[in-house]
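Generate the whole structure from the sequences, applying the supplied hints.
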Amino acid sequence: MTFLGARRGLQLLLGLFLYGFSLAMMIRATLGVSPWDVLGQGGSLQTGIPFGFMTNIIGLIVLLLWIPLRQRPGIGTVLNVLLVGPSAEIGLAVLGEPSQLWGRILLFTGGLVLLAVASGLYIGARLGPGPRDGLMTGLHARFGLPIWLVRTAIEGTVLLLGWLLGGSVGLGTVAFALLIGPLINVTLPIFRMPERAPRTPAAVTV
243 MTFLGARRGL
253 QLLLGLFLYG
263 FSLAMMIRAT
273 LGVSPWDVLG
283 QGGSLQTGIP
293 FGFMTNIIGL
303 IVLLLWIPLR
313 QRPGIGTVLN
323 VLLVGPSAEI
333 GLAVLGEPSQ
343 LWGRILLFTG
353 GLVLLAVASG
363 LYIGARLGPG
373 PRDGLMTGLH
383 ARFGLPIWLV
393 RTAIEGTVLL
403 LGWLLGGSVG
413 LGTVAFALLI
423 GPLINVTLPI
433 FRMPERAPRT
443 PAAVTV
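Numbering (the working numbering), first residue to last: 243 to 448.
It is possible that part of the hints are untrue.
[Unchecked claim] Computed beta-carbon distance windows for the label pairs:
#1 Leu403 to Gln342: 32 to 38 Å
#2 Arg249 to Gly290: 44 to 50 Å
#3 Gln288 to Pro310: 23 to 29 Å
#4 Leu343 to Thr289: 33 to 39 Å
#5 Gln288 to Arg249: 41 to 47 Å
Since the hints were made in silico from the structure, they are not lab data.
Note that beta-carbon positions come from the ideal geometry of N, C-alpha and C, so glycine has one too.
Spelled out as structure tokens, the structure:
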């Protein structure tokens with residue numbers, strides 16, 4: 243394995259762990275869940291399907307949206323499904339819920355910024371984004387729209403749909419929907435790895 247390949251793998255794993263941990267930070271802040279979780283709550287309320295299963299169904303639907311965008315899953319897509327949940331559980335196990343409002347605000351803000359850094363790390367490794375982030379990068383590549391605009395539009399649409407279905411919305415939910423796009427727009431270029439050069443046949447000497 244080359245140094246560049248090892249760095250991609252480490253960057254991917256670190257990004258996914260921090261992604262899950264950042265979700266735990268925002269959950270413990272109790273200021274509102276992310277727009278995708280609002281959609282999961284709303285879908286669960288309307289169908290009676292447990293929240294966890296509804297989250298998986300939504301993820302599958304999002305993956306189907308990759309097809310017209312010509313997005314291809316990678317090892318990062320698979321590891322996203324496998325690792326983000328356990329890392330979030332680790333975060334929930336070690337983090338407490340602040341009793342003061344200022345502490346909750348700080349914890350949520352830290353979680354939001356950390357999620358943007360984590361997204362830049364694991365997407366920037368170029369080993370395959372998660373279902374929801376792949377939708378963002380696919381729309382960005384297909385239509386040439388800025389990352390911040392695409393992500394904000396996705397989060398806003400998901401938030402509105404989830405709210406109409408009965409999902410719970412807090413101030414943190416609105417802040418997440420408005421700020422995560424611009425934040426990832428900053429972190430993604432910082433951590434984006436160069437494209438892997440295609441293999442060329444070895445020169446033949448005669």
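A quick look at each hint next to the structure:
no.	hint	verdict
1	Leu403 to Gln342: 32 to 38 Å	holds, 33 Å
2	Arg249 to Gly290: 44 to 50 Å	holds, 46 Å
3	Gln288 to Pro310: 23 to 29 Å	holds, 26 Å
4	Leu343 to Thr289: 33 to 39 Å	holds, 34 Å
5	Gln288 to Arg249: 41 to 47 Å	holds, 44 Å
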